[in-house]
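*Asks:* This is what each chain is made of:
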Amino acid sequence: MMISITTAAIGLLIATIITVLIRRDALHAKHGFGWFAVALGFAFLGISPSVIDELASKLGIGYPPALAFTLALAVIVVKILTMDMERSRIEVRGERLIQRIGILETELTALTTRVTALESEDSP
Amino acid sequence: MRETDRGTLTTSQVAPSAVILMPAFNEADVIADVLMNIRAVCDLRVIVIDDASTDTTIAEATMCGATVIPLAARLGAWGATQTGLRYALKHGYEYVITMDADGQHEASSLPLVLRPVTEGNVDVTIGACIERGSLLRRIAWVMMKRTSGLRVQDITSGFRVYNRKAILELASWRATLLDYQDVGILLLLQAKGLKILDVQVDMQARRNGGSRIFYSWFAIIFYIFLTLILGASKRRMTPKNTDNMGS
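Chains P and Z are the protein sequences, given in the same order.
For the first sequence, our numbering assigns the number 1 to the initial residue and increments by one for each residue that follows.
For the second sequence, our numbering assigns the number 125 to the initial residue and increments by one for each residue that follows.
Simulated from the structure, these hints should not be mistaken for lab results.
Watch out, some of these pointers could steer you wrong.
Distance windows between CB atoms, simulated [unchecked claim]: (1) Z:Arg298 with P:Arg114: 41 to 49 Å; (2) P:Leu71 with Z:Thr180: 55 to 63 Å; (3) P:Arg89 with Z:Gly216: 27 to 35 Å; (4) Z:Met187 with P:Ile101: 21 to 29 Å; (5) P:Gly94 with Z:Ala183: 23 to 31 Å; (6) Z:Ala343 with P:Ala37: 36 to 44 Å; (7) P:Arg89 with Z:His215: 44 to 52 Å; (8) P:Gly62 with Z:Ile254: 57 to 65 Å; (9) Z:Leu260 with P:Leu111: 25 to 33 Å.
Covered by chain Z, per the in silico footprint, the following chain P stretches (three or more residues, Cβ under 8 Å) [stated by the list, open to error]: (10) 61-70; (11) 103-117.
With a straight-line Cα cutoff of 20 Å, these simulated EDC-like cross-link-like pairs (lysine to aspartate or glutamate) come out [as the list claims (entries may be wrong)]: (12) P:Lys30 with P:Glu107; (13) Z:Lys214 with P:Asp84; (14) Z:Lys269 with Z:Glu255; (15) Z:Lys289 with Z:Glu230; (16) Z:Lys214 with P:Glu105; (17) Z:Lys316 with Z:Asp157.
Where a beta carbon is used, it is the ideal one built from N, C-alpha and C, also for glycine.
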């Protein structure tokens, strides 16, 4: 019984933290979506712990908590992988921005030099 | 394209236009000499892409008449080179030559590496010098070639010529994901069906420190693993017919 209450409490705590973070603009709503799903999963397992037991017996797993841990680990791995994918996108975007700034700076320098030269030609 | 009697290449001879790109990081000690050597044999425009140097590389290169693209943060040799490629694409250059700023590449070899591309026989040439490789570098080359299926000799040479088709591919978002100007770049070009040719050239020893890639054992191991993973995972992109590569 205690494990059910603890798991449900963890789920609710995570959901609360996510809500607070979104409210304070510390977490983008689109990232909150995934974590809400995790929190709901916790809450669901807390309320209906027998689901894992039934699923484990159907899959022929003798020790049901092992299934819960493995699933949790898989979710974490998928989440980290998507984070690295997002990081790769951000890195590419950042790199191309730095490149663009460099190109624009060079063009600006060339233009400034040309304008200065023209101005000096025009001045008596 | 032909060399003139004085052995000097005029821009008009490299029809319609070519530019030399030179990524540089803290090369203030040698870059002036390197630029002067290039100026002595050709009148092509040189663009130095300064990879956030902390010394006077920008001032030295500017004084020698090069156009400088200053990067706000360090992107590495490939990131800097790609900046130059994007500049070249934007400004309508037909051919790009990439050379190292450490004096390894001899400007006198320019006609040799340029000719096959400007004559339209191939899309990319690599100024190859396999003699320069240390034992470690040679082992790395063999491993990289085995996993990637590439048939070029000098995978890591930064002395290359690209035509407009190659520039277009290399200026893309996809190429920004790559870290080095070697296996990934060559596989990308090969997958697009571009012809790559090795051209044997002489190279000098670096005048300014060691390699920016092979600077420590950890860096070497990281580089080799990264390149092997890249080569193996992209290998399937390579067409079965690899006649588009040769020496």
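*Asks:* Taking the hints in turn, state whether each one holds.
*Replies:* Taking the hints in turn, this is what the structure says about them:
1. Z:Arg298 with P:Arg114: 41 to 49 Å: Distance hint for Arg298 (chain Z), Arg114 (chain P) is violated at roughly 35 Å.
2. P:Leu71 with Z:Thr180: 55 to 63 Å: Since Leu71 (chain P) and Thr180 (chain Z) have Cβ atoms about 58 Å apart, the given range 55 to 63 Å holds.
3. P:Arg89 with Z:Gly216: 27 to 35 Å: 30 Å, holds
4. Z:Met187 with P:Ile101: 21 to 29 Å: 23 Å, holds
5. P:Gly94 with Z:Ala183: 23 to 31 Å: 27 Å, holds
6. Z:Ala343 with P:Ala37: 36 to 44 Å: 40 Å, holds
7. P:Arg89 with Z:His215: 44 to 52 Å: 28 Å, violated
8. P:Gly62 with Z:Ile254: 57 to 65 Å: 59 Å, holds
9. Z:Leu260 with P:Leu111: 25 to 33 Å: Given about 47 Å between the Cβ atoms, the range is violated.
10. 61-70: violated (count 0)
11. 103-117: holds (count 4)
12. P:Lys30 with P:Glu107: Violated, at roughly 38 Å.
13. Z:Lys214 with P:Asp84: Roughly 31 Å between the alpha carbons, so the hint for Lys214 (chain Z) and Asp84 (chain P) is violated.
14. Z:Lys269 with Z:Glu255: Within the cut-off at roughly 17 Å; holds.
15. Z:Lys289 with Z:Glu230: Violated, because 25 Å separates the two Cα atoms, which is more than 20 Å.
16. Z:Lys214 with P:Glu105: 14 Å, holds
17. Z:Lys316 with Z:Asp157: Roughly 37 Å separates the two Cα atoms, so the pair is violated.
The structure is inconsistent with the numbered hints 1, 7, 9, 10, 12, 13, 15, 17, although it conforms to all the rest.
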